[in-house]
Amino acid sequence: KRPDCPYPFKELAGVGVGFKFMQGLYQHLGLNEAELDEYLDIVALGSCADIVPLVDENRILVSHGLQLINHRPRFGVKALLESSGVDRKDITVGLIVFVVAPRINAVGRMSNARRAVQMMCANSLQRARVFARELERENKNRRSVDENTFKEALETAEAHFDPERDRAMVLYKEGWHPGVIGIVASRIVERYYRPTVMISVVDGIGKASARSIADFNIYEAIKECSEFLEAYGGHKYAAGLTIKQENIPAFAEKFKAVADRQITDDDLIPRMRVDCEVELKDFDERLMRLLKLMGPFGPLNLRPVFVSRNLNVVGEASVVGSNHLKLSVEQNGVKMNAIGFNLGDQIERVVANKGVLDCAYVVEENYWNGRKELQLRLKDIK
2 KRPDCPYPFK ELAGVGVGFK FMQGLYQHLG LNEAELDEYL DIVALGSCAD
52 IVPLVDENRI LVSHGLQLIN HRPRFGVKAL LESSGVDRKD ITVGLIVFVV
102 APRINAVGRM SNARRAVQMM CANSLQRARV FARELERENK NRRSVDENTF
152 KEALETAEAH FDPERDRAMV LYKEGWHPGV IGIVASRIVE RYYRPTVMIS
202 VVDGIGKASA RSIADFNIYE AIKECSEFLE AYGGHKYAAG LTIKQENIPA
252 FAEKFKAVAD RQITDDDLIP RMRVDCEVEL KDFDERLMRL LKLMGPFGPL
302 NLRPVFVSRN LNVVGEASVV GSNHLKLSVE QNGVKMNAIG FNLGDQIERV
352 VANKGVLDCA YVVEENYWNG RKELQLRLKD IK
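Per our numbering, residue 2 is the first one in the sequence shown, and the count goes up by one each step.
No lab work stands behind these hints, which were simulated from the structure alone.
The C-beta atom is built at its ideal place from N, Cα and C for all residues, glycine as well.
Among the hints, erroneous ones may be present.
Restricting the straight-line Cα-Cα distance to at most 25 Å, the calculated cross-link-like pairs of lysine-lysine (DSS-like) are [claimed, not checked]:
| id | residue 1 | residue 2 |
| --- | --- | --- |
| 1 | Lys-2 | Lys-224 |
| 2 | Lys-293 | Lys-255 |
| 3 | Lys-208 | Lys-174 |
| 4 | Lys-282 | Lys-380 |
| 5 | Lys-373 | Lys-327 |
| 6 | Lys-90 | Lys-293 |
| 7 | Lys-152 | Lys-282 |
| 8 | Lys-152 | Lys-208 |
| 9 | Lys-224 | Lys-208 |
| 10 | Lys-355 | Lys-373 |
| 11 | Lys-383 | Lys-355 |
| 12 | Lys-237 | Lys-224 |
| 13 | Lys-383 | Lys-336 |
| 14 | Lys-282 | Lys-245 |
Here are the simulated distance ranges between beta carbons [as the list claims (entries may be wrong)]:
| id | residue 1 | residue 2 | range |
| --- | --- | --- | --- |
| 15 | Asn-124 | Lys-245 | 43 to 49 Å |
| 16 | Leu-269 | Pro-74 | 39 to 45 Å |
| 17 | Gly-356 | Pro-74 | 52 to 58 Å |
| 18 | Pro-305 | Asp-57 | 15 to 21 Å |
| 19 | Asp-91 | Tyr-194 | 30 to 36 Å |
| 20 | Ser-323 | Gln-68 | 31 to 37 Å |
| 21 | Asp-38 | Asp-163 | 49 to 55 Å |
| 22 | Lys-282 | Val-203 | 55 to 61 Å |
| 23 | Pro-9 | Phe-99 | 30 to 36 Å |
| 24 | Ala-353 | Pro-9 | 31 to 37 Å |
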């Protein structure tokens, strides 16, 4: 992203930049670039974990990397999938983002990332499993720290946040673990739908993670406040920065002023774009093949969102896990299972509507006990 860089695609993840550097080095030395293809699985893992836009070169790199993961996974990837309870042969971007990447990140955040590197470089499945079990333990530890930090961040937000006044939030505290503030910032954005910067202060230095809403470029906003910062980087949706503790109040004031200037009232209303209205019977093998060709899905290349109306709830809807809505729906003789993550509160609407719903959702293949079936992942119901 340097102004003097002529490279045409500006959205590569760090791992993508590393891969392109190796390609350039191989070209310069007259070596066989095809030898680098065996590392595309690592490029895919890093690109997905970094939440970069899955368009242009990123989409190509991730697509080829996923093929490698699904057909010839390295020992480290195979061991990590086993330890996290994933038993399927169709690893997607979503699985990497929500299952694989958090376990790799956790060991770096909570202790030492060397073990994740050792796992990925293991020359036997048995050795890789040893490191994968360590990553699983660190991930459980990370979840506990994550939950405590989230509770403290909520208390701070509730004490100072005014939805009528504030268009952004800057939360900071001494002692927050810097390894979890990015995850917690994302959860704060989900709760309040405001761009959020979370700063962990240790020995007078603050390290921050920032997360944004759809229509606000948080990297450019932070760039406008750079006179208060020691370092910063990121992209439209997520960023990080380093700041001296004494500069935090001035940074917070200016960052909020930038948000006040750029964010409109409409920007603060979460929107859902629906691509097409369909009936459940439309999801045949041909349509599913076409949808797969549009992937891999991720930022700026999202899964198509469909809406179906007058779906009948079959049996009882229930709330499972940590506030997830689970139900089965039927339309003209076609029945499908549906899951709505973090939509457990909507079960009252199911009852109020007497089991007849309009649903916005994405359709995906769900694997359970070795069986594959189509499932609706609910985005909203009414």
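Hints, one by one, checked against the model:
Between the alpha carbons of Lys-2 and Lys-224 the distance comes to roughly 13 Å, so the proposed pair stays at or under 25 Å and holds. Between Lys-293 and Lys-255 the alpha-carbon distance is near 44 Å, which puts this suggested pair outside the 25 Å criterion. Restraint check for Lys-208 and Lys-174: the C-alpha separation of about 11 Å stays at or below 25 Å, so the hint holds. The suggested pairing of Lys-282 with Lys-380 holds, with an alpha-carbon distance near 20 Å, which does not exceed 25 Å.
About 17 Å separates the Cα atoms of Lys-373 and Lys-327, which keeps this hinted pair within 25 Å; it holds. Of the supplied pair hints, the one linking Lys-90 and Lys-293 holds, its CA atoms being roughly 15 Å apart against a limit of 25 Å. Between Lys-152 and Lys-282, the direct Cα distance comes to roughly 44 Å. Violation of the 25 Å bound is thereby established for this hinted pair. The straight-line distance between the Cα atoms of Lys-152 and Lys-208 is roughly 19 Å, inside the 25 Å bound, and the hint therefore holds.
Only pairs whose Cα atoms come within 25 Å are accepted, and Lys-224 paired with Lys-208 is accepted, the gap being roughly 16 Å. Restraint check: the Cα-Cα separation between Lys-355 and Lys-373 comes to about 30 Å, which exceeds 25 Å; the hinted pair is violated. Between the alpha carbons of Lys-383 and Lys-355 the distance comes to roughly 11 Å, so the proposed pair stays at or under 25 Å and holds. Restraint check: the Cα-Cα separation between Lys-237 and Lys-224 comes to about 11 Å, which is no more than 25 Å; the hinted pair holds.
With a C-alpha separation of about 19 Å, the suggested pair Lys-383 and Lys-336 falls inside the 25 Å cut-off, and the hint holds. Of the pairs offered as hints, the one joining Lys-282 and Lys-245 is violated, with about 58 Å between alpha carbons and a cut-off of 25 Å exceeded. At about 45 Å, the CB distance of Asn-124 to Lys-245 agrees with the hint of 43 to 49 Å. The given range of 39 to 45 Å is respected by Leu-269 and Pro-74, whose C-beta atoms sit roughly 42 Å from each other.
Between Gly-356 and Pro-74 the Cβ separation comes to about 43 Å, which falls outside the hinted range of 52 to 58 Å. For Pro-305 and Asp-57, the hinted distance range of 15 to 21 Å is satisfied, since their beta carbons lie about 19 Å from each other. For Asp-91 and Tyr-194, the hinted distance range of 30 to 36 Å is satisfied, since their beta carbons lie about 32 Å from each other. Here the CB-CB span from Ser-323 to Gln-68 is close to 33 Å, well matched to the stated 31 to 37 Å.
A C-beta distance of roughly 53 Å is found between Asp-38 and Asp-163, which places it inside the suggested range of 49 to 55 Å. At about 57 Å, the beta-carbon gap between Lys-282 and Val-203 stays in the expected band of 55 to 61 Å. Distance hint check: the CB atoms of Pro-9 and Phe-99 are about 31 Å apart, consistent with the given range 30 to 36 Å. Ala-353 and Pro-9 have their C-beta atoms about 52 Å apart, which leaves the hinted 31 to 37 Å range violated.
In this structure, the hints that do not hold are numbers 2, 7, 10, 14, 17, 24, in rising order.
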